Amino acid sequence: MSEHTTLTWEDVAHRYGRKIYTFAYRLTGNPDDAADLVQEVLLRVRKGLASYTPGSFEGWLWRITRNAFLDGIRKKKRRPTVPLPEGDFSALGASPSPDEVLASVRLSDDVQAALVKLPYDFREAVVMCDVVGLTYEEIAEATDVPIGTVRSRIHRGRSMLRDLLTWPV
Amino acid sequence: MARMNTYQAQLSILLSCYLDGVLTDEELNEVVHVLDNDLEAIAEFHKLKEARRAVRLMPMLEIPSHLLPRTHLDEELSAFLDGELSTQETPIVSAHLESCGECRMVLADLDRSRIAIRALPGVESPVFLDVHRETTTATRRRIPAVVALATGVAAVVIAFTVGPFASGGEQPTISIADLNARHAAVASVPAAVQISNTAP
Ligand SMILES: [Zn+2]
Chain U
1 MSEHTTLTWE DVAHRYGRKI YTFAYRLTGN PDDAADLVQE VLLRVRKGLA
51 SYTPGSFEGW LWRITRNAFL DGIRKKKRRP TVPLPEGDFS ALGASPSPDE
101 VLASVRLSDD VQAALVKLPY DFREAVVMCD VVGLTYEEIA EATDVPIGTV
151 RSRIHRGRSM LRDLLTWPV
Chain G
1001 MARMNTYQAQ LSILLSCYLD GVLTDEELNE VVHVLDNDLE AIAEFHKLKE
1051 ARRAVRLMPM LEIPSHLLPR THLDEELSAF LDGELSTQET PIVSAHLESC
1101 GECRMVLADL DRSRIAIRAL PGVESPVFLD VHRETTTATR RRIPAVVALA
1151 TGVAAVVIAF TVGPFASGGE QPTISIADLN ARHAAVASVP AAVQISNTAP
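Note that the protein sequences, when read in sequence, are chains U and G.
Here the working numbering is used: the first residue of the first sequence is 1, the next is one more, and so on.
Here the working numbering is used: the first residue of the second sequence is 1001, the next is one more, and so on.
No wet-lab data here; the hints were simulated from the structure.
Model, not experiment: these values are computed from the prediction.
Glycine included, each C-beta is placed from N, C-alpha and C at the ideal position.
Not one of these hints is a red herring.
Chain G stretches covered by chain U per the calculated footprint, using a threshold of three residues with CB under 8 Å from any CB of chain U: (1) 1007-1020; (2) 1039-1050; (3) 1055-1065; (4) 1080-1092.
Taking the hints into account, I'd like the entire structure generated from these sequences.
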């Protein structure tokens, strides 16, 4: 039995609220959207906790979080980020030289700005892995894709991110 | 970035996975071998490593405190009775009340006080105080509406109180949607009172 079977939604709020807020903020770069998401997720957790069956709590929670996030986007009909064509990274510029790599000390604002330019699937995978700290298995469960897809998305997200963070001198 | 062939693309994914320590032994051997020999792969590896580091260096943010449930509700309870909660606070307060019998009892006490105060009759002002007469009349006219409002709230409170007993102390029977609808109904009453005040 998982210890999470005895969690109340308030426990979840206190234990995971900050992570959920940060997750949404990193995906959107917007504090209002992040606050909306936290509220929606906590409502869904409260409703769903009774029917939660022991398993990967992280996978369950982040699936709820992700679905709430996507529902919120659909509801608000926000401008979708323009996804780059699959497999074509040429628009992102030439490979950085080692000097450029060494010289680039990035503020988190720069990284944030670059993050929101990534296609959603890649951005989500990177944020779940490197911001939230989920395992590949947990990401696969939360996003309902095979683990191979998780690997590929995280990699492509990082790859594109690095190109976005390097400006030609 | 130059276009990669399938092998390079697969290798690049392995390099990313290597950073996260999720490779199988077989994959690990391949990556280690490549990183010993292939300058391009080494450059790619460092690029991925930097991107990963950049994201991981971003700070975990503080969540605004109003988004978290507190141990118990306090002044929000009076605001809830008066329909004065913000749209952000309402679902949080509703959810807390649904899961917390202590706060429901405090809410019931507050509601009784509120009803008692609001049920006090309006006092006739002396005739010479003409300025106040209209105000007092308006106040008296308000009373029935306010009592009706308070009664509605009392119904909500009773439902809160009865819910857990009725269901054997398990899940409350009231849904969040019900609570919010009721709260919205309560919140809408002062506007109606406002309109009746402006009527002749
Ligand atoms: Zn309470």
